[in-house]
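Undergrad: Next come the chains, spelled out residue by residue.
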Amino acid sequence: MSASLSPSATASAPLTVALIGNPNTGKSTLFSALSGIQTRIGNYPGCTVEKKIGRLQIGSRPIRLVDLPGTYSLSPRSPDEMVSVDVLLGRMPDVGRPDVIVCIVDASNLERNLYLFTQLRELGIPIVLALNMWDVAQRNGVNIDVAGLEKQLGVRVVTCEAQRKRGLEPLREAIVAAASTTAAPPPELLPEPVRREEQVLTDWLASQGKKEPHYLVERAILDVGGETELRFLAETPAGAREKLAEARKRLTDGGLRLAAVESLSRYRWIQSQLDGLVTHSETGRVSITDRIDAVVTHWFSGTLIFVGIMFTIFWTLFIFADGLMGNIEEGQGWVSDLVTSNMAPGTLRSLIVDGLINGVGSVIVFIPQIALLFLFIAILEDCGYLARAAYLIDRFMTKFGLSGRSFVPLMSSFACAIPGIMGARVIENRRDRFTTILIAPLMSCSARLPVYLLMTTAFVPAVYFLGGWLPLQALTLFVMYILGAVVAVPIAWLLKKTILTGETSPFVMELPEYKWPSPWIVVQRVISQAWRFLEEAGTLIFVTTILVWAAGYFPGDHTESHALAAQIEALEGEETPDKPRIEALKDQKNHIDSELLSNSLLGRTGKFIEPAVRPLGWDWRIGMAAVASFPAREVIIATMGTIFSLGGDVDEENESLRGALASATWPDGRPLFTVATAVSIMVFFALCAQCGATLMVIFRETGQWRWPVLTFSYMTALAYVAAWLSFVIVSKFT
Amino acid sequence: MTTTLDQLPIGNTARVAQISGDDGVSIRLMEMGLIDGVAVKVVGAAPFGGPREYLVRGFRLSLRSSEASRVAVAPL
Numbered sequence: 001m002s003a004s005l006s007p008s009a010t011a012s013a014p015l016t017v018a019l020i021g022n023p024n025t026g027k028s029t030l031f032s033a034l035s036g037i038q039t040r041i042g043n044y045p046g047c048t049v050e051k052k053i054g055r056l057q058i059g060s061r062p063i064r065l066v067d068l069p070g071t072y073s074l075s076p077r078s079p080d081e082m083v084s085v086d087v088l089l090g091r092m093p094d095v096g097r098p099d100v101i102v103c104i105v106d107a108s109n110l111e112r113n114l115y116l117f118t119q120l121r122e123l124g125i126p127i128v129l130a131l132n133m134w135d136v137a138q139r140n141g142v143n144i145d146v147a148g149l150e151k152q153l154g155v156r157v158v159t160c161e162a163q164r165k166r167g168l169e170p171l172r173e174a175i176v177a178a179a180s181t182t183a184a185p186p187p188e189l190l191p192e193p194v195r196r197e198e199q200v201l202t203d204w205l206a207s208q209g210k211k212e213p214h215y216l217v218e219r220a221i222l223d224v225g226g227e228t229e230l231r232f233l234a235e236t237p238a239g240a241r242e243k244l245a246e247a248r249k250r251l252t253d254g255g256l257r258l259a260a261v262e263s264l265s266r267y268r269w270i271q272s273q274l275d276g277l278v279t280h281s282e283t284g285r286v287s288i289t290d291r292i293d294a295v296v297t298h299w300f301s302g303t304l305i306f307v308g309i310m311f312t313i314f315w316t317l318f319i320f321a322d323g324l325m326g327n328i329e330e331g332q333g334w335v336s337d338l339v340t341s342n343m344a345p346g347t348l349r350s351l352i353v354d355g356l357i358n359g360v361g362s363v364i365v366f367i368p369q370i371a372l373l374f375l376f377i378a379i380l381e382d383c384g385y386l387a388r389a390a391y392l393i394d395r396f397m398t399k400f401g402l403s404g405r406s407f408v409p410l411m412s413s414f415a416c417a418i419p420g421i422m423g424a425r426v427i428e429n430r431r432d433r434f435t436t437i438l439i440a441p442l443m444s445c446s447a448r449l450p451v452y453l454l455m456t457t458a459f460v461p462a463v464y465f466l467g468g469w470l471p472l473q474a475l476t477l478f479v480m481y482i483l484g485a486v487v488a489v490p491i492a493w494l495l496k497k498t499i500l501t502g503e504t505s506p507f508v509m510e511l512p513e514y515k516w517p518s519p520w521i522v523v524q525r526v527i528s529q530a531w532r533f534l535e536e537a538g539t540l541i542f543v544t545t546i547l548v549w550a551a552g553y554f555p556g557d558h559t560e561s562h563a564l565a566a567q568i569e570a571l572e573g574e575e576t577p578d579k580p581r582i583e584a585l586k587d588q589k590n591h592i593d594s595e596l597l598s599n600s601l602l603g604r605t606g607k608f609i610e611p612a613v614r615p616l617g618w619d620w621r622i623g624m625a626a627v628a629s630f631p632a633r634e635v636i637i638a639t640m641g642t643i644f645s646l647g648g649d650v651d652e653e654n655e656s657l658r659g660a661l662a663s664a665t666w667p668d669g670r671p672l673f674t675v676a677t678a679v680s681i682m683v684f685f686a687l688c689a690q691c692g693a694t695l696m697v698i699f700r701e702t703g704q705w706r707w708p709v710l711t712f713s714y715m716t717a718l719a720y721v722a723a724w725l726s727f728v729i730v731s732k733f734t
Numbered sequence: 001m002t003t004t005l006d007q008l009p010i011g012n013t014a015r016v017a018q019i020s021g022d023d024g025v026s027i028r029l030m031e032m033g034l035i036d037g038v039a040v041k042v043v044g045a046a047p048f049g050g051p052r053e054y055l056v057r058g059f060r061l062s063l064r065s066s067e068a069s070r071v072a073v074a075p076l
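These protein sequence lines map, in sequence, to chains A and B.
Going by the numbering used here, the letters in the first sequence line up with residues 1 to 734, in that order.
Going by the numbering used here, the letters in the second sequence line up with residues 1 to 76, in that order.
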């Protein structure tokens, strides 16, 4: 291939190449095909756009390939959309101005795809136009005169099939060749008055000692209320607002419709360019996509298929992933036992077993669900179904003030909010995405189930309605399960009215052609999401777990407890263990542990907040268990086990835990747990943000601390008020 | 006789006459190629009054009725 390279191109200075294109053009596939596995993924500072940079070599030339988000146009209406403009104009720190733009387009659909291309032309960077899915275009009867197109547009044009890795060599050559050229001047396709106003504004800025890129000046005039206008007004000298308004007024007075002038001019130009170069031969046959869609988007069969697929995802995340999580927990138990049997009881052993091993376990336990959800999302998105799913369920989701795109993330949150929040990346609209992220933790995740089960089976009376068909316990369980989702409706509405205001999100969504998902893309996506979770959220979750261990352990003299533990372990190791003696020692140890916990930092906090939790029908022990559960709600069962003197190794099925709870009393002898207390605990757990991992993931996905802080505050306040209300109401009826 | 896109029966084709509104939604519709004179066919509809599917410039586009009602169309 080196034959086509000019001498200067063989120099070893790295080239920065930006890859951009419409959604559904096979951009991610092309990115992986070009860069292989050497990819760094992060976030651009202060926003949620994924920064994906691949490293490759073309000949001897090192290349940094920057993948930009899929977009239909370069007219930013949000800070996230502004990222692409900033990268292309070389205004993004540590990316550098691109030397070449690769604009990937769907060869079957040149007209609409070239809209973005005409905007890219104005940036003054050499462009390579990659006509992807060339095979599909041929099959669909689209004939393109590539040589003619290259001449007409004045840029390098190559055809490729990224999925089959065809046409990559000519593309690589074209990239290096384009780097040593200068961009041809862009066609002047906007009407003369617009160009004149651009000049007027540019001249005025120059007189103020300010130099703005030509493209930003154009955008500031054309995008009324757009992101460029906001930036322009914030960064340019006083008087810019008036100058901009004057320019727009002159254009409107001249009979131009500002909102329509750009799209009209660009599409008119595209049509004139493609005339005679692109021909459609009528194949007369119904395309495969049309045939699939006749079933898949049909109101009846489509709905059935939708329910089937969603049920499969839910079942897999809930049941199958739960099994895998069980395996991880077993492994964790095995490692803990190994340490326990090889170390004498003491602070260090407690730190290793209850702090470190538990911390690592509580991070990796989320991996099965994250991996499985992204496996589904990647397959469904890559084959083209995800857009259909959003299309079918959109009507239902508008009741939440959201769009169909939010369905899969929210549904997954019923298994676990963490993959759900990470899955919200499929939502393009920023407002919808943030709303979805903020309400996702309200969906009843599987970690709440043990609390519901313990409370209903122990305290909700075994009453049956409808002639025995409807047990009250099952009804209670069901109500708890949907409570979060029901509350999410007004919360979403409120969020959109107050904090997440802005333009209503249009549901202008393309339904792409169906294709076989590419296994490589799917696997890469699963691995990269799991890795990012471990790398970024994992550390923080680990640290929190250790802090909670310390709060429950210190201050206190554990010598006696450790001595008892050593004695018990020695007795258990004997050939004929003295069971009654072991039981007696265990009881003694449980009482000491309970005493230690109540005097620990955690226990003192419980006592300190008792006045605050009294209205919910709780004493300090329940309060402390709830506080200890803030990092991870499932901790409550073990904490209750310890504080009610049963030792930490209990679960919700444990008869003695239920017994111990039922016999717990207030100091005056009244029973502590009533139906009302049980309901208030369940409601609190249903609505509270008791999951450190979720909050870390919210931080990672939104890039700002205020979003997890907001989630935590609103959910805790909501949980408290709702628990108090349910305690008062249920107390009246029982 | 003109009508709006959301009123056009399934299976019918019409030409875009005008898109009303100057906000982001209308601009997005125009950027997607819904401009004066372009032919649009109604392909299908999602259940329970959900969005409808349109064929425009050779690709499938889904629009809610609130968005489609901005698009005035005239019969071919």
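By construction, these hints were calculated from the structure, which means they are not laboratory data.
Be careful, since some hints might not be right.
Claimed, not checked - Derived pair list, reagent style DMTMM-like, types lysine to aspartate or glutamate, alpha-carbon separation capped at 25 Å:
| id | chain 1 | residue 1 | chain 2 | residue 2 |
| --- | --- | --- | --- | --- |
| 1 | A | 497 | B | 36 |
| 2 | B | 41 | A | 198 |
| 3 | A | 497 | B | 22 |
| 4 | A | 243 | B | 22 |
| 5 | A | 51 | A | 510 |
| 6 | B | 41 | A | 275 |
Undergrad: Each hint needs a verdict: does it hold in this structure or not?
TA: Checked hints:
{"no.": "1", "hint": "497(A) to 36(B)", "result": "violated (34 Å)"}
{"no.": "2", "hint": "41(B) to 198(A)", "result": "violated (38 Å)"}
{"no.": "3", "hint": "497(A) to 22(B)", "result": "holds (22 Å)"}
{"no.": "4", "hint": "243(A) to 22(B)", "result": "holds (21 Å)"}
{"no.": "5", "hint": "51(A) to 510(A)", "result": "holds (24 Å)"}
{"no.": "6", "hint": "41(B) to 275(A)", "result": "holds (22 Å)"}
In this structure, the hints that do not hold are numbers 1 and 2, in rising order.
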